[in-house]
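Peer 1: Chain by chain, the residues:
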Amino acid sequence: MLSFLARRLLLLLPVLLLVSLIAFSLFYLSPGDPAEILLTGPQGPPDPAAVEEFREREGFNDPAAVLYLRWLSKVAQGDLGYSYVSGEKVFNAVCNSFRPTLHLSLVSLLISLLISFPLGILSAVKQGSAIDGLAMTVSLLGVSVPNFWLAYMLIILFSLKLDILPVAGYGDGGDIEHLILPAVTLGISAAAVTCRMIRSSMLEALEQDYITAARARGLSERSVVLRHALRNVLLPVITVVSLNFTYLLNGSAVVETVFAWPGIGSLMTRCIFSRDYPMILGCMLFLALITLSLNLLTDICYYYLNPRIRHEAGK
Amino acid sequence: MKQGNDLGFWLSICAIAALLLLAIAASWVAPHDPEKAQPELRLKDPCLEYPMGTDHLGRCIFSRVIFGIRISLFVGLAVVLSSALIGTILGGAAGYFGGVMDETIMRLVDAFLSFPSIFLALAVIGFLGSGLSNLMLSLILVEWTGYARLVRSEVLSLQGKEFLEAAKSLGASDLYIMIRHILPNILPSILVMSTLSVGYAILGAASLSFLGLGVQPPTPEWGSMMNDARPFIRSHPMMMVFPGAAITITVLAFHMLGDGIRVKLNPRSEVGKDA
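Residue numbers (this note's numbering), protein chains in the order written: chain H, 1468 to 1782; chain A, 23 to 297.
Each hint should be verified, as a subset may be incorrect.
If we take Cβ atoms under 8 Å as the criterion, some of the chain H residues that face chain A in the derived model are [unchecked claim]:
1) Leu1627
2) Ile1631
3) Thr1736
4) Ala1755
These are calculated hints, taken from the structure and not from any lab test. Just so it is clear, the structure is predicted and the values come from calculations on it, not from any experiment. Just so you know, even glycine gets a beta-carbon here, dropped at the ideal spot from N, CA and C.
Based on the provided sequences and hints, a complete structural model is requested.
Peer 2: So, in structure tokens, the structure goes:
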């Protein structure tokens, strides 16, 4: 296990380096002046003479490679700088905004699994039936609908016509009333993707020899599906869950803005409008780190649950 | 199932053909100038003269939806073509040459994939500025990785096949082998992926424009039309409904076409497999 983990972590290093290089390149290519942005601390925008002096003193006229390495060493120590607008520490701001996003994503994840799991399995078991056709049509529709449009359709129905849920907002720390509509919006879009993945894993499992063997032994269809096929579907479902989470993060970028949910998606959008470069960089690096950790976690789960991988890695 | 799929396939072809036709003939089909503001006619409900009503500046929503087809199809197709080209070249090189080239390109792919896609696109626009060309650039940077991975694995699966060995032993150059022997074999997979990702590119472009970061007003674009509709959601919800429906229909058509092509090229493959 230790050697597996060590190798996975070692493989992450070049990727992390490239991630930082991509982020820095975008920052470097931006029309703004990096010296001015880095100089901006809690006191607000600096005056031009100070910027010029700073450029000279800090060697901002150095080649890009030197600038990159200097920035990288700061980031490696966890120093993401200060917001251009509020003067707040970028690291704190990003962490604070991630909490509501995580809250929303976990609830949406639950909703999407509650919809897609039964539906995916049912349509695989009844392949070719009316239920299967309906489920696949609905999920196709689900991946085609823009989530922000779905969000507004739900708002029109539940908030404006029926008047039972608030239009937008965070309420009292993200209470259930304010959570329902954004979570259902994200949950439905994610369920559409997940449903097809679960269906195809289940179909694959149902084609295996041990299923034929189980049927030949005279087991009931219920037992074949629930005890034999389902257990083997759980493994790919781990990937599905982790993909789903990334999908939800993606969806949150726009849906959070629609519902005025104070997460990392609305933070990023707001910072783009205010040209808050250090904050955008911070969000990028933070999200990349989250995604990479999630992938690592998925691999570790696989390692534990799948004897085949454990065997391969042990060799 | 087979029957339903065929129906979906032909329906999607008809829908896309109709969209293309409308895009070309937009100036004849649209009853009004999509950018002409008429303050005295603002926020009209749908009527005979204005089938989808008018927006907050008194522009004909129906005409704007029709003209919106142009930009969505253009962005979708251009983004997919460019990212397929970049991804195929890099993924092909990685798979064919292997070694350091493979390592470098694939780690770069991993790095791009570490950013949740819409956030990468947002960051590109955040640093480089909004507008049509940066919108397309941001979507290309998001999409190319999928093709690179697909093409690399397809090329690897062809390694050691007799026809490649034969071509090599006849002294064919690497470039010749890649274009004449490998490309035709992997083209079907690229085609399926491209068709499916036209839909995603259109969705991505609409999302960014909806946030006000993509196509800028007054150009008629579905996402930015929905952004315009936000303040009027209480009084004029229909302003939000029409552009979103147009996006859904267009994206749905490309998804159905992609599924249909996949089944046609490989009848054993299931709908929704590697979705």
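Peer 1: Let's test the interface hint: is any C-beta of chain A closer than 8 Å to that of Ala1755 of chain H?
Peer 2: With a closest approach of 4 Å, the Ala1755 of chain H hint holds.
Peer 1: Hint check: is the beta carbon of Leu1627 of chain H less than 8 Å from a beta carbon of chain A?
Peer 2: The hint holds - Leu1627 of chain H has a Cβ within 8 Å of chain A, the shortest such distance being about 6 Å.
Peer 1: Close enough to count: is the Cβ of Thr1736 of chain H nearer than 8 Å to one in chain A?
Peer 2: This interface hint holds because 6 Å falls under the 8 Å limit.
Peer 1: Min Cβ distance, Ile1631 of chain H to chain A: is it shorter than 8 Å?
Peer 2: Constraint on Ile1631 of chain H not satisfied, violated at 16 Å.
Going through the hint list in order, the structure does not satisfy hint 2, though it satisfies all others.
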